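**Student:** Spelled out, the chains give:
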Amino acid sequence: MRRDLDALISEAREAVSPSAEATERARAAVRAATPAPRRSRLRPPRRHRLWVLGAAALVLGGGAATAAVVGTRGSGPPFVPAIENCYALEGSRVGIPRLFSEVDVDESGGALVAWVDLAGTIRAAERPASGAWGTPVEVAALGKTAPSEIAFSANARGDAAVAWIQGGRTMAAVRPAGESWGAPVDLTREGQEAAAAGRDTPGILVTEAGETLVTWLSASDAAVTRSGRGVSVSGELGHVEVAARPAGGDWGVARPIPGEATNVPALAEGASGRVAAVYFAGMSGRVLVADLDAATGAAQSVRSLRLPPTKARPRAYAIGEPVIADNGRGVLATSIMVNGRIAVWLADGAGWSAGRLVSPAGVAAGDPRVAVADDGRVLTAWTGVTRERRADGTTRRARTVYAAVSGGGADVTAARVSRLGRLASEPSVAFTGRGGVVTWADGTNGISGTDSRVEAAWVSAGGGGFERAMPLSTVGKGPLFPDVAVNAGGETVATWTRCTAENEAVMESAAAPAPGAEWSEPARIAP
Amino acid sequence: MDDTEDRNLILRARAGSADASGALFERHWLGAWRTAYALTGNRALADDVAQDAFERVIRGLGQFDPARPFGPWLHRIVLNRARDVLKRERRQTPVAEVLDGGSVNGDAGAEARALLAAIAALPKEQREVLVLHRWAGHSLAEVAEIVGSPLGTVHSRLARGMAELTRRLQDDDDA
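Chains as they are written, first to last, in the numbering used here: chain X, 1 to 527; chain S, 1001 to 1175.
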């Protein structure tokens, strides 16, 4: 290339301009289009309405690109802003949502949830087994520079950690079981810049032994071009960085995984002190699994997953962001959208299985979630977009949550778990040997409507099917971003956020003592 | 671009001030037109797209939250109008017309024309992301909102677009 591409683009941009005639014609048209003075019927903007922007991005997201990674947050029908929704922001859709929560349940049945509130403060709240949620504590006050989402992980004994990307730096804070949250630590190496590609958060894992690993996508400062408030990687696709903190120790210096990457790896705990990081390798079109040393984060090996054949696009793949889960006993499952189908791989110590398609053909599937039970069975949930016919003969696009149980000798049993005629989104799954659960947000206008609620379906005790969907939350305004977790004893906790009748954003939860049991009434976590 | 000044102008324009609408036009017209030109690759289409987008924006100011940045909103409408127009025209971006761009002059013009031709030859999704980010100066988060795709998708499309653009310009050099 002859010269710096950015300089050439800038020069070319300055070299083109509209004609005077076109400018004058447009100027006159704009003046003529100015509305006559009238009283605005719109309410003053509220900060809460920033929510809808992210909701729009999440619901609109997922356009398939050949051999490119697409987001985890699902494809589907277009988002329709609802002015009466307290998160709705009239007109503009540009902005960042907050208040996504992540929850985990420890071996005693206690629950821990972390989130970023609307003031830009990372908070965490605890609930003892069968008790009430305690007052949220502040993990880090970030203000306007706060990210929209954080990554959160906890192990069975209650060690927990959060990580986030802020201003090109990867930050993390840890909380050993029974102690307070430590101060945030910058994990980014000098000369490197974290790029929030894909899931917008780092990958994070707290192992059962208490080690904490954080992964992110990075590029050298020299390859990063800043533009406006965003950051982009120019000239290289970036690579994966890993930072590790041994139990009770300090963070080690971040180290790279050799090779290119285009999305932040997802982490899960494998066998024998190993951690698996799964990610997409960009232009090569390969999905990679790196085997990491849990104590140091050093990559021991990197292998490629074989993608299952699909009828669509036989010569090229559209690939979603990989997700991965473990069962605490070294068994791993990862799930990826491949050409509109959901594929699942299982690793049980003898290596990775061949990819298996669990979603049916004819439904544009995406946004997978995966969980592994003690016995090696895999619960996968995803959203499927179909076209439904109305009574008047017209059609509309609908988004439905599907789920399947596979592996461990079980047949694939893909089933629709959310109701027809609705827009379901944001699936979340949890699975143990005693059963499992799928949660999602449901509404006639997706997560932006005024008749939205969180619903859940249990995996039946035999593991062969799904029970009827049950509501967890009351019906009201969205959006709702549910997350669900279960411990080995089957104690299950779901959390979500929503808009009250008074147009305040709140966080709520529901719990069940065991899979299949009755859910509690919604409980308020915050504010 | 000063968002506060935009906000004041939007509030006044919503109240019916043609002067405020005119001031908004003067502040954003050139950027909107240049974006439309890079997206369509055609001066006449860029004139239509940018003017139509501006008219829609002014008529729709009542639906806009002035606390939010104006530029991304305007450029989203520019993008949608460009998509509509190109679809209506039932053709790909007319590279030949880009090469005849009448306002690209002087020594800089040859390279600029080569660049625009290379941009015009990119796949639509890559071209949109590259134009909005590198040409119009929007952040990747803003581009993700404008094109309605996840940030990861935008990142990937940009990386591919930049790689492809570099390759095409190198091909030009080698030719």
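Quick caveat, the hints were computed from the structure, so don't treat them as lab data.
Here the structure is a predicted model, which is why all the values come from computation and not from measurement.
It is possible that part of the hints are untrue.
What the hints assert, rightly or not - Footprint (simulated), chain S over chain X, 3 or more residues, beta carbon under 8 Å:
(1) 14-20
(2) 303-309
As the list claims (entries may be wrong) - If you want the ones that stay clear, here's a sample from chain S, every Cβ over 12 Å from chain X, calculated:
(3) E1005
(4) N1008
(5) V1085
(6) L1086
The C-beta atom is built at its ideal place from N, Cα and C for all residues, glycine as well.
**Student:** Check the structure against each numbered hint from earlier and tell me which ones fail, lowest number first.
**Tutor:** 2
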